[in-house]
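Undergrad: Start from the sequences and build out the full structure, keeping to the hints where you can.
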Amino acid sequence: MATDIRVKEIEGIRPGLRKSSLMRQSLRRLMHNKLAVAGFAVVVLMFVLCFIGPFFSPYTDNKINMAFMNKPPSLKHWLGTDALGRDILTRVMQAGRISLTVGLASMLLSVFLGSLLGAIAGYYGGLLDQIIMRIADLLMTIPGLPLLFIFGALLSEWKIPTDYRMYIVMLMLSIVNWPGLARMVRGQMLSLREREFMQAAVVLGLRDRRKLLHHLLPNIVPLLIVMATLNIGGAILSESVLSFFGLGVMPPTPTWGNMIDAANNILDFQNRPWLWIPPGLSIFATVIAINIFGDGLRDVLDPKQKR
Amino acid sequence: MSEALLEVKHLKKYFPVKQGLLGRTAGHVKAVDDVSITLRPGETFGLVGESGSGKSTVGRTILRLTDKTDGEVRFKGTDIHSLSAAEMRLIRPQMQLIFQDPYSALNPRIRIGDAIGEALLDHGLCTKAEVRSLVLEALEACGLSAYHIDRFPHEFSGGQRQRIGIARALILNPDLIVADEPVSALDVSIQAQIINLFSRLQQSKGLAYLFISHDLSVVEHLCTSIGVMYLGSIVETATRDELFLHPLHPYTKALLSAVPVPVPRLKRERIVLTGDIPSPANPPSGCKFHTRCPFALEVCKAEIPLLRDAGAGHLVACHLA
Amino acid sequence: MEPVMNIDGLSTEFFTEEGTVRAVDNVSFKIGRGETVCIVGESGCGKSVTAMSVMGLVEEPGGRVTGGRIGFQGEDLLRLDKNSLRSIRGHEIAMIFQEPMSSLNPVMKIGEQIMEPLSVHLKMNKKQARSRAIELITQVGISRPEQIMGSYPHELSGGMLQRIMIAIAVSCSPKLLIADEPTTALDVTIQAQILDLLRGLKEDSGMSILLITHDLGVVAEMADYVIVMYSGQIVEEGGVVELFQNPQHPYTRGLLKSKPVMGQRLEELYSIPGQVPSPLALTPSCYFHDRCGHCMPVCRTRQPLLKETGNGQKVSCWLYEEAELYV
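Chains as they are written, first to last, in full-length UniProt numbering: chain A, 1 to 307; chain B, 1 to 321; chain C, 1 to 327.
Do not rely on the hints blindly, as some may be mistaken.
[As the list claims (entries may be wrong)] Derived DSS-like pairs (lysine-lysine); straight-line CA-CA distance at most 30 Å:
(1) 127(C) <-> 202(C)
(2) 253(B) <-> 127(C)
(3) 257(C) <-> 267(B)
(4) 267(B) <-> 30(C)
[To be verified] Derived, one-sided and incomplete: chain C residues facing chain B with beta-carbon distance under 7 Å:
(5) 122
(6) 272
(7) 275
Rather than coming from a laboratory, the hints here were simulated on the basis of the structure.
Glycine residues also receive a C-beta, built at the ideal position from the N, C-alpha and C atoms.
TA: Printed below as a string of structure tokens:
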């Protein structure tokens, strides 16, 4: 530990040798983390496969072909076909589009909600802080999954059209996810507000808007990036779970979750592994890759959180 | 004699001590207890004291970074603690603060040029087109180079960061600069550079400084008059020459004799104080210094000595002097 | 007389993301019995790293002692195994730091922390350790030792804690006490107390002190022998009186001149221009050349060696090597 301090001291006296932006420095350090780079590569690969792949497929996801029911993988159908003769590979890719979009979009929404509400609570404090944080606490006291189940069941009850369900699922996931983020951002705000450079901003007589947007926000961005990344993985998982239980996006629109659900009987499970292994593996690989990448990001952007 | 730029009268700042579950106020830390200072344009007032003496709190209350408990802070005749937040914001450029730790006072994610120029823009004191040249001018005045403008704080050494802090204050053309231990975090050779920068800027711009420091040799070099603080109160205040040549308060004498002088084997008469500085939450009765004073009498324990004139504006609060 | 410690060619490197930093570069000096040696220099000059290297506190993967010898009682501390080093550390060589608070365990009572080394190194039983601890606390000038024994670090002031640290350090009667900026975090009046205490302890026990400081005033008050470091190297050393009266290296002179001294009124302070060079960008040269008023061509291209200049002083500067100047 003592050596750490010295190294910092030595770095401290190093006069700037070259012009470099903070982001570029972080990127350089990220490149040194092999595992994180691999994770990022897998995520990119998944996105490319899912969004570009289907264009190269001779099949469409919902084209039913009774002549090719439940066929094992072959040269014609690389990952086989399902009970309605649909090409599994095409469906996995199409499902990926939905799952990744849901994950990404719900992340964006929850980061937006969480950081906005958290920043307001942390910066202004007082009654506003109390109200926002009590709502957040309330949402956090209810376990996420049961809450999502209730929402999902309500959706089915109200007979929401399948096309809209995807958007509503995104919204549901964001509502469950923002409180954690808000709490984190608020904590960060509270500690930043006490930092000396914020005192300096007061002495300079800067406006609130400038203090918030130019001084506080940039200091929260690294944390947000890390949280957002890790959040995508969680959202994808939650969406899959919902869809698996038939409470998320409905068939025939494929998602990784409802594709596994389709193989949810002992016969398919034992005899036709090509039905559930590809979507299962997709979920697994994507989520793990995102989490590894997110951990790498955290080590680079937010060194204090490092173990 | 010109009009006073800053007049602090009987300033008090008490921090409540909360206790128990309900946060009941159990007492007060009298961080600043009846401090009066007058500062004219172009002068430097040195505020000297050890940690816990309340000297930094004086600086922060003068700048209204914390609210006062009682008393008055008049800047150019205006009682700044009675201003509204918006009015206060407008007057802020005229009274600036230099921090002890220049690194923590700079936002790590803001480039130096932006950090120095942003207040100008925010106050509408110049246009976007002008700001760069003004920043360059300020950088140069503080001994930095033009190519530093796009760098981040972590790329600078301690001395350079303090220059940045000074440039940031200077660009606003302030009349008063409160410098809170501005050189104590710096190395000796860099300290001298910054001290010289302070005096040069004062000469060229007619700045007034409130210079807060624990280092008597630095204060002697820079200040025109000096106040010595102990546990929230000024115990002695005089012009520089008066104070250093004829210190009257035993605490001042002890402080002066405790400063190590870089002359080996020097035989000095030394007043070594015993014990620690008492807690400001629970200050001693009577003269606050009596617990450590080598000359304390019975009267010191019972009666609070008042600040009285010992001739030629030399004020001292001691029963013996 | 045999010196207590004999450091020869000590080099310590740190590994940073930007490259390897040689924080201590071929440093040699001796500490005599009962002598106070002061290493003075600015931050980053390697003075603290020197002390840490002696104590074996430079640990991989952050950094490593890459060369040299630290002779202590006929043995080389750099080649000792962990166990023997541990028995020397805290027993025969003790160390106190700038921040006493961070070197004390916040959840352990002061008494236990003083008694610990007594039972570990001196194998005292509880009763003996306790009475010795009380003795030590009294010795470092604290009244009511019993009460202090039962209190926790956060209940005491910085000056008190530094006294406690000193009590722990001298508890096993070390031959050498290394003090790394022991008074930097303290107020002047408390600093005066601590310096007096250290001087008194040294006189009573005859231990040697290696004092690391940036304050020339403290050096003048404490030192018998002074070592001035710059960028990891010794640039000048000598007896305290000689060095202050007749500083030879331009850096030493600049340092002495740039400190404001009470009673000396100057219009402007002398200041050394520029700043310490980056430890990553050092080339074979005098590391001080770009800040030096006497810089010559040779200073930019070759490193001067530490040479005796009479009066017991040593200096590493081309100004004092006329013979070789025009080679």
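Undergrad: Take the C-alpha atoms of residue 257(C) and residue 267(B), compute the straight-line distance between them, and say whether it is at most 30 Å.
TA: 21 Å, holds
Undergrad: Holds or violated: is the Cβ of residue 275(C) closer than 7 Å to a Cβ in chain B?
TA: 5 Å, holds
Undergrad: Per the CB criterion, is residue 272(C) less than 7 Å away from chain B?
TA: Because about 4 Å separates residue 272(C) from the closest Cβ in chain B, which is inside the 7 Å limit, the hint holds.
Undergrad: Hinted pair, alpha-carbon criterion (30 Å max): residue 127(C), residue 202(C). Please report holds or violated.
TA: Given pair residue 127(C), residue 202(C) holds - Cα atoms ~27 Å apart, limit 30 Å.
Undergrad: Verify the proposed pairing of residue 267(B) with residue 30(C), using a straight-line Cα cut of 30 Å.
TA: It holds: about 28 Å lies between the C-alpha atoms, which stays within 30 Å.
Undergrad: Starting from residue 253(B), check that the Cα of residue 127(C) is at most 30 Å away, please.
TA: Violated, because 44 Å separates the two Cα atoms, which is more than 30 Å.
Undergrad: Have a go at the residue 122(C) hint: is there a Cβ in chain B nearer than 7 Å to its own Cβ?
TA: 30 Å, violated
Hints 2, 5 from the earlier list are contradicted by this structure; the remaining hints agree with it.
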